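Peer 1: From first to last, the protein sequence lines are chains G and R. Numbering of the first sequence is given in our numbering, commencing with residue 1 and proceeding in unit increments. Numbering of the second sequence is given in our numbering, commencing with residue 1001 and proceeding in unit increments.
One or more of the hints may lead you astray.
[Said to hold, decoys possible] Listed below are the simulated DMTMM-like cross-link pairs for lysine to aspartate or glutamate, each with C-alpha atoms no more than 20 Å apart in a straight line:
(1) R:K1383 - G:E48
(2) R:K1286 - R:D1236
(3) R:K1295 - R:E1334
(4) G:K333 - G:E320
(5) G:K383 - R:E1120
(6) G:K399 - G:D326
(7) G:K364 - R:E1361
(8) R:K1295 - R:E1120
(9) R:K1364 - G:E361
(10) G:K383 - R:D1268
(11) R:K1383 - G:E17
(12) G:K332 - G:E156
(13) R:K1383 - G:D264
(14) G:K333 - R:E1358
(15) G:K289 - R:E1120
(16) G:K157 - G:E393
(17) G:K333 - G:E48
(18) R:K1316 - R:D1326
(19) R:K1383 - G:E42
(20) G:K289 - G:D264
(21) G:K383 - R:E1334
(22) R:K1332 - G:E48
(23) R:K1364 - G:E320
Hints in this document: simulated from the structure, not taken from any laboratory. These figures come from a predicted structure and were not determined experimentally.
Number of protein chains: 2
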Amino acid sequence: MEMFTVMRRQKVAELLEREFQGFQVDSETIPIEEARGRVLSEAIVATENIPPFRRSTVDGYAVCSQDTIGCSETLPAILTIVGETRMGEGTDLSVDAGEAVYVPTGGIVPVGADSICMIEYTEDFQDEVGIQRPMSQLENLVDIGDDVALGDCVLEKGTRIGTQHIGALAALGVHLVPVYHRIRVAIISTGDELVAPGQPVELGQIRDSNTDSLRAMAEALGCEITLVSRIEDEFDAIQQTLEKAVSISDVVMISGGSSVGNHDMTPDIINSLGEPGVLVHGIAIKPGKPTMVAKVRNKAVFGLPGHPASCFIAYKAIVEPFILRDLQGVTKKEFPIMAVSDFQIHVSSGRDVFYMVELRETNKGWLAAPIHGKSGMVTLLSKADGYIEIPMEKEGLQKGEPVAVYRF
Amino acid sequence: MEMFTVMRRQKVAELLEREFQGFQVDSETIPIEEARGRVLSEAIVATENIPPFRRSTVDGYAVCSQDTIGCSETLPAILTIVGETRMGEGTDLSVDAGEAVYVPTGGIVPVGADSICMIEYTEDFQDEVGIQRPMSQLENLVDIGDDVALGDCVLEKGTRIGTQHIGALAALGVHLVPVYHRIRVAIISTGDELVAPGQPVELGQIRDSNTDSLRAMAEALGCEITLVSRIEDEFDAIQQTLEKAVSISDVVMISGGSSVGNHDMTPDIINSLGEPGVLVHGIAIKPGKPTMVAKVRNKAVFGLPGHPASCFIAYKAIVEPFILRDLQGVTKKEFPIMAVSDFQIHVSSGRDVFYMVELRETNKGWLAAPIHGKSGMVTLLSKADGYIEIPMEKEGLQKGEPVAVYRF
């Protein structure tokens, strides 16, 4: 009783890329304090050299290395101290042959000097200093632009800003960061049986967990939630809510109502809002097969399965990559944890299968183990450390086989 | 000219654990919408069964499996349809021998029935239905409490709430979540040479990146930032700011001023605020050696090195574990990426060495490669995918050796 034909995940990704190629997400400039988790809408190009001056990496004397050839503790090179530089201050001093200038760690190396002798290897004689070690050129200093040179591309457009990037941006003086607007996401859950958190559950009803789950995942991606709605399976109510959601959002996720059953109105409702409407109904993933992909008034609408496990995986497999890659140009690869399978499963569903796993540490690396005990969604989500994918071609997984584990 | 003795990182961790054993972080109850990234202050124990009723996993007829023994497509078991259940509604129906009740996916399985025959394997004859396949007990249904049973501990105290846990909490009806108060963190950067983002840089000055970097990392941990201050190296100014910081925070991070140089006032200032003051000055990590650990008025004060790379690593190695483990009881292990080293280094510093790396994918798994090009902090932070640790005992790393890569 297959009422829709399934499409491979790769094909769905290609279709989404094609359909939303021209989709314009506006840029904005935000303070660095708010930039974590957002996506760069422009490359960050250095507008200054770092360091901007020749900087000492030690406390010591800036000297000309030529003056120190052959010197030693017993036969120090005696140089005239012509001054000192101070942290955070400029200097007019220069170092000529036979001269030395005291420089603190981080201080400017005066013109003429090509190395800094650590204070530990010097001896002070009032106006003179004895250098006890021969210095080599550029020793104990960082040259202008050594870290980043003016004009270097430091972070590419499409970079998702992580905590580590904040320090780089700050050091470059980028206190206003060009990013894409938060992707506006609406979340609609449909189903006569759904009960909102905090409400009493009557017989036959189920607590809605998809709404909170999708919201948390979208917020973790940096999205702005425009609308959250739980509604009964009623054509008009869903249509009105969906219409509003599409008008104020870039992406709409509607969960429930997309399996083939009595109440399967979602595709009709989506199609009623405009062309082209539903593009895909059924994706070759397990769980998550009854997922829909639609385009309405140039917005993306995803019909996600009502079952929490299916909804979760469909979001991860289809929606999340769309929001990052297609809408914001994020190209950076993911970093799954490479593990070894601790179990064997046979699958021949003709679909890419997703499987929640626990990670165990061994002296040979990570072991991916199935979640023990009962296998409901709450148990899975509370115990799993990540999930694996078994592509449909593989038809299963052997014990001892390497497997990539994706973290949540 | 070693002016402080270094302590091993493990010893520092033990000392922190001991000193702050009795530290009380208050709990609060927050809406599930705000719970992501926070730490559970109580275990989550199921107060209801999930599912709370015997639930069908297919659209079909609830039957007694006994009635279907030996039936087939050509010889269906003919049962009397005594009603149907509806999604989200209770039911008074029961199924006796010879009877069947229609049940949608997710619907209640009536008392008496022990299995659901999928609609695909049935044939309707007005008031009767032909079952074309023999059913086994509990087929196509989820029993009461199969996912979670009343009283089960679903999430342990000290769990850091990830996106995946939100769905589990919602399904359990936990819309108000018991968590520790946000850890209150103050960030002070000292140094005459520091320039705030957005301000012009004069010769000899450096942009302060530690403040933004530490703030981003602390916020990513779920901390509340109580105070951010950039001040010159002046005893009274630092003392006043530190005093205020300690009074309104759980953790104070003060960066700069902790290397042994001209302006090394930080330990004295910390000690001037009260007993026991500085507990550790110098940790056997590289970079990050001049890190200080102090306790003042029962608050933790960390003196972090001014150099951005050292500050970053000292935070990661010392402060972050303290905030998670010692203050909030987070016990969950980290999940480094197991990779193979693509390079060889020799270190014999007598310290645990941290090294930034890039991850490259190969058909045998991840390769950890050093960051190419110039090695300043901006380059490192913008290019690295994570960092590795080489414990002091190891004295280096061989090419081809397995290595754990910690993501930022």
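Peer 1: The structure should be examined with respect to each hint, and the outcome stated for every one.
Peer 2: Hints, verified against the model:
Proposed proximity of R:K1383 and G:E48 is supported: the alpha carbons are some 19 Å apart, at most 20 Å. Simply put, R:K1286 and R:D1236 have alpha-carbon atoms about 31 Å apart, too far for the 20 Å limit, and the pair is violated. Among the hinted pairs, R:K1295 with R:E1334 is inconsistent with the structure: their alpha-carbon atoms are about 27 Å apart, more than 20 Å. The hinted pair formed by G:K333 and G:E320 meets the criterion: a straight-line CA distance of about 13 Å does not exceed 20 Å.
Our distance criterion of 20 Å between C-alpha atoms is broken by G:K383 and R:E1120, whose separation comes to about 35 Å. For the proposed pair G:K399 and G:D326, the alpha carbon gap of about 36 Å is over 20 Å, so the pair is violated. At most 20 Å may separate the alpha-carbon atoms for a hinted pair to count; G:K364 and R:E1361 meet this at roughly 19 Å. A distance of roughly 70 Å separates the Cα atoms of R:K1295 and R:E1120; the hinted pair therefore is violated under the 20 Å criterion.
For the hint linking R:K1364 to G:E361, the alpha-carbon distance of about 19 Å falls within 20 Å, and the restraint holds. Restraint check for G:K383 and R:D1268: the C-alpha separation of about 48 Å exceeds 20 Å, so the hint is violated. Among the hinted pairs, R:K1383 with G:E17 is inconsistent with the structure: their alpha-carbon atoms are about 27 Å apart, more than 20 Å. Using a Cα cut-off of 20 Å, the hinted pair G:K332 and G:E156 holds, with the two alpha carbons roughly 10 Å apart.
At roughly 48 Å between alpha-carbon atoms, R:K1383 and G:D264 are farther apart than 20 Å, so this suggested pair is violated. For the hint pairing G:K333 with R:E1358, the CA-to-CA distance comes to about 12 Å; that is within 20 Å, so the pair holds. With a CA separation close to 18 Å, the supplied pair G:K289 and R:E1120 stays within the 20 Å bound. For the given pair, G:K157 sits about 35 Å from G:E393 by alpha-carbon distance, which is inconsistent with the 20 Å threshold.
Taken as a hint, the G:K333 and G:E48 pair is broken in the structure, with Cα atoms around 29 Å apart against an allowance of 20 Å. Of the pairs offered as hints, the one joining R:K1316 and R:D1326 holds, with about 14 Å between alpha carbons and a cut-off of 20 Å not exceeded. For a cut-off of 20 Å, the pair hint linking R:K1383 to G:E42 stands: about 17 Å separates their Cα positions. Of the supplied pair hints, the one linking G:K289 and G:D264 holds, its CA atoms being roughly 15 Å apart against a limit of 20 Å.
A distance of roughly 15 Å separates the Cα atoms of G:K383 and R:E1334; the hinted pair therefore holds under the 20 Å criterion. With a CA separation close to 42 Å, the supplied pair R:K1332 and G:E48 exceeds the 20 Å bound. Restraint check for R:K1364 and G:E320: the C-alpha separation of about 27 Å exceeds 20 Å, so the hint is violated.
In this structure, the earlier hints numbered 2, 3, 5, 6, 8, 10, 11, 13, 16, 17, 22 and 23 are contradicted, and the remaining ones agree with it.
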